[in-house]
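Build the full structure now, drawing on both the sequences and the hints.
Just so you know, the protein sequences line up as chains E and D, in that order.
According to the numbering used here, the first sequence holds residues 1 to 131 in order.
According to the numbering used here, the second sequence holds residues 1 to 371 in order.
Derived by calculation from the structure, the hints in this document are not laboratory data.
Careful: at least some of the hints might be erroneous.
[To be verified] Below 30 Å or equal to it, Euclidean Cα-Cα: the simulated DSBU-like pairs (lysine-lysine) are:
no., chain 1, residue 1, chain 2, residue 2
1, D, Lys130, D, Lys17
2, D, Lys120, E, Lys88
3, E, Lys12, D, Lys155
4, E, Lys77, D, Lys155
5, D, Lys130, D, Lys79
6, D, Lys155, E, Lys88
7, D, Lys294, E, Lys12
8, E, Lys88, E, Lys24
9, D, Lys294, E, Lys24
10, D, Lys17, D, Lys76
11, D, Lys323, E, Lys88
[What the hints assert, rightly or not] So these bits of chain D aren't anywhere near chain E, every CB distance computed over 12 Å:
no., residue
12, Asp35
13, Gln92
14, Glu133
15, Thr316
16, Phe317
Yeah, the Cβ is synthetic: ideal placement off N, Cα and C, and Gly gets one too.
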Amino acid sequence: MSEIPGDLKFLKSHEWVRAEDNGKATIGISDHAQGLLGDLVYVELPNVGDQIQAGNACAVVESVKAASDVYAPVSGKVVEVNTALADKPETINEDAYGDGWLFVIELDDADQLGELLAPDDYAELLDSDEH
Amino acid sequence: MTQKTILNDTHRALGAKMVDFGGWDMPIHYGSQIDEHHQVRRDAGMFDVSHMTVVDLNGARVREFLRHLVANSVDKLQKSGKALYTAMLNPQGGVIDDLIIYFMDESWFRLVVNAATRDKDLAWISAQAKAFEVIVSERPEFGMVAVQGPNARAKVIGLLREEDQAPVSKLVRFSARAAKTVDGVEVFVARTGYTGEDGFEVIVPEAQTVAFWNALLAAGVKPAGLGARDTLRLEAGMNLYGQDMDDTVSPFEAALAWTVVLDDGRDFIGRSALEAQQAAGSARQMIGLVMDDKGVLRHGQKVLTAYGEGEILSGTFSPSIGKAIAFARVPAGDIPLGAAGNVRVDIRGKEIPVRVVKFPFVRDNAIQPGI
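See below:
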């Protein structure tokens with residue numbers, strides 16, 4: 001399991017968000033989530049321009065084994081999607097916190113970030129899940 | 001209570017991710033299910049199938065009993081070691097289980113049945129066997145390793161003592177024989193499998209199974225989990241019991257008509273139901289599907305055809321083809337192959353077109369024509 005970068009925030013359902021400057025945020029799924037899913041083979045992303053709502057399903061990641069909804073950790077307008085994943089969904093397996101990002105949104109309300117789990121809290125959650 | 005095979009610690013030491021499979025704690029993969037899939041198609045991989053149930057049938061009337069018990073004809077088995085794939089039916093013609101029967105001698109046949117159906121199979125077989133004075137003995141003292149892939153047979157043969165190497169290498173498909181390893185361990189080697197590749201399934205005394213596995217590992221055979229086993233068998237067009245057929249489905253509705261022998265005067269269980277179904281026509285059929293769009297076909301998705309709705313049985317992403325493939329059970333009717341079949345699958349509310357294809361999808365590491 002790779003180290004969890006310190007600048008991320010998490011949902012209990014294993015999505016991460018990284019606040020960028022200029023009011024944007026990048027969203028992906030955690031390394032733990034990709035490990036649970038196994039080899040990813042397909043990613044269904046929102047469209048640029050879509051308005052997504054915190055807590056709602058906004059993307060789907062599919063492995064050989066299972067399809068899993070991705071929930072929006074924060075609300076906002078989609079401004080960029082990781083189109084490279086269409087041909088190389090396994091990038092998420094290889095680099096969940098880096099090249100395996102899913103999409104970028106323009107934050108409606110940056111305060112929403114404060115409601116998410118810090119890396120240590122997320123790591124603790126994973127630990128307690130395993131026992 | 002979760003059961004463990006003798007290889008459980010070995011899997012964990014190899015880094016396997018373990019899952020519950022029909023009450024057994026089994027490896028789903030050892031890192032990458034897709035890599036394991038390709039390993040079997042291109043070289044050699046091995047699966048722990050010790051959870052499967054070995055049942056020996058003994059008695060003077062055992063052949064007569066099997067003529068009654070199963071839908072395929074055991075009279076095809078005339079040479080010691082020859083194997084037969086068959087369905088075992090209930091009186092309504094539904095599939096209780098699918099199994100392999102090995103002919104050992106006229107008073108001894110060996111069955112290998114599914115792990116998840118073990119209890120009901122043993123109860124059913126034992127109940128039917130009484131009238132034929134056949135003794136039914138489960139053989140839990142064995143482990144089983146399936147070694148599959150173009151180089152699999154050579155790897156296994158390399159572990160056998162010299163005098164057994166030639167006879168085992170001459171085994172034709174769907175036949176088996178006893179042999180000894182270089183260490184003198186008695187094994188039962190069958191040229192069978194569940195992947196669409198050549199290879200052996202080897203029954204080993206439980207106490208020697210770990211050593212046998214490790215010897216294969218040392219010879220370069222890589223471990224593969226149930227995940228790869230599932231994608232390999234579906235590509236190979238092979239049914240999974242409980243997903244593609246069950247007690248409520250006849251072999252005709254599960255693309256297993258080829259395993260049913262309606263020979264003269266043989267009164268096997270389920271025969272009259274099958275004959276009635278044949279006369280009236282089956283209500284449902286099983287078809288193969290390929291999806292050219294991105295996405296994955298999965299069990300339970302709704303399938304739309306010109307004759308009505310059906311559902312996906314086994315569905316997965318095919319690592320060999322790079323597209324989703326599936327079996328579906330749909331209403332009977334003549335559906336043209338290809339896109340002309342106008343079959344669609346409902347995926348999260350969208351109707352995605354799929355092509356109807358003949359299966360197997362992949363055999364001997366080759367994508368089949370029309371796929």
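Right, here's what the structure says about each hint:
1. For the proposed pair Lys130 (chain D) and Lys17 (chain D), the alpha carbon gap of about 42 Å is over 30 Å, so the pair is violated.
2. Simply put, Lys120 (chain D) and Lys88 (chain E) have alpha-carbon atoms about 45 Å apart, too far for the 30 Å limit, and the pair is violated.
3. The straight-line distance between the Cα atoms of Lys12 (chain E) and Lys155 (chain D) is roughly 46 Å, outside the 30 Å bound, and the hint therefore fails.
4. With a CA separation close to 57 Å, the supplied pair Lys77 (chain E) and Lys155 (chain D) exceeds the 30 Å bound.
5. Taking the CA atoms of Lys130 (chain D) and Lys79 (chain D), the gap is about 26 Å. The hint holds against a cut of 30 Å.
6. Between Lys155 (chain D) and Lys88 (chain E) the alpha-carbon distance is near 34 Å, which puts this suggested pair outside the 30 Å criterion.
7. Proposed proximity of Lys294 (chain D) and Lys12 (chain E) is supported: the alpha carbons are some 28 Å apart, at most 30 Å.
8. About 24 Å separates the Cα atoms of Lys88 (chain E) and Lys24 (chain E), which keeps this hinted pair within 30 Å; it holds.
9. Distance check on the hinted pair: Lys294 (chain D) and Lys24 (chain E) sit about 29 Å apart at the alpha-carbon level, within 30 Å; holds.
10. Restraint check for Lys17 (chain D) and Lys76 (chain D): not satisfied, since their Cα atoms lie roughly 41 Å apart, outside the 30 Å limit.
11. A threshold of 30 Å between alpha carbons decides the hint, and for Lys323 (chain D) with Lys88 (chain E) the separation of about 14 Å falls inside it, so the pair holds.
12. For Asp35 (chain D), the non-interface assignment is contradicted: its Cβ lies about 8 Å from the closest Cβ of chain E, within the 12 Å cut-off.
13. The claim that Gln92 (chain D) is not at the interface with chain E holds, since no C-beta of that chain comes within 12 Å of its own (minimum 34 Å).
14. Residue placement check: Glu133 (chain D) keeps its beta carbon more than 12 Å from all beta carbons of chain E (closest about 47 Å).
15. Look at Thr316 (chain D): its CB is around 6 Å from the nearest CB on chain E, not clear of 12 Å, so calling it non-interface is violated.
16. Not every Cβ of chain E is farther than 12 Å from the Cβ of Phe317 (chain D); the closest lies at roughly 4 Å, contradicting the non-interface assignment.
Of the numbered hints stated above, those contradicted by the structure are hints 1, 2, 3, 4, 6, 10, 12, 15, 16, listed in ascending order.
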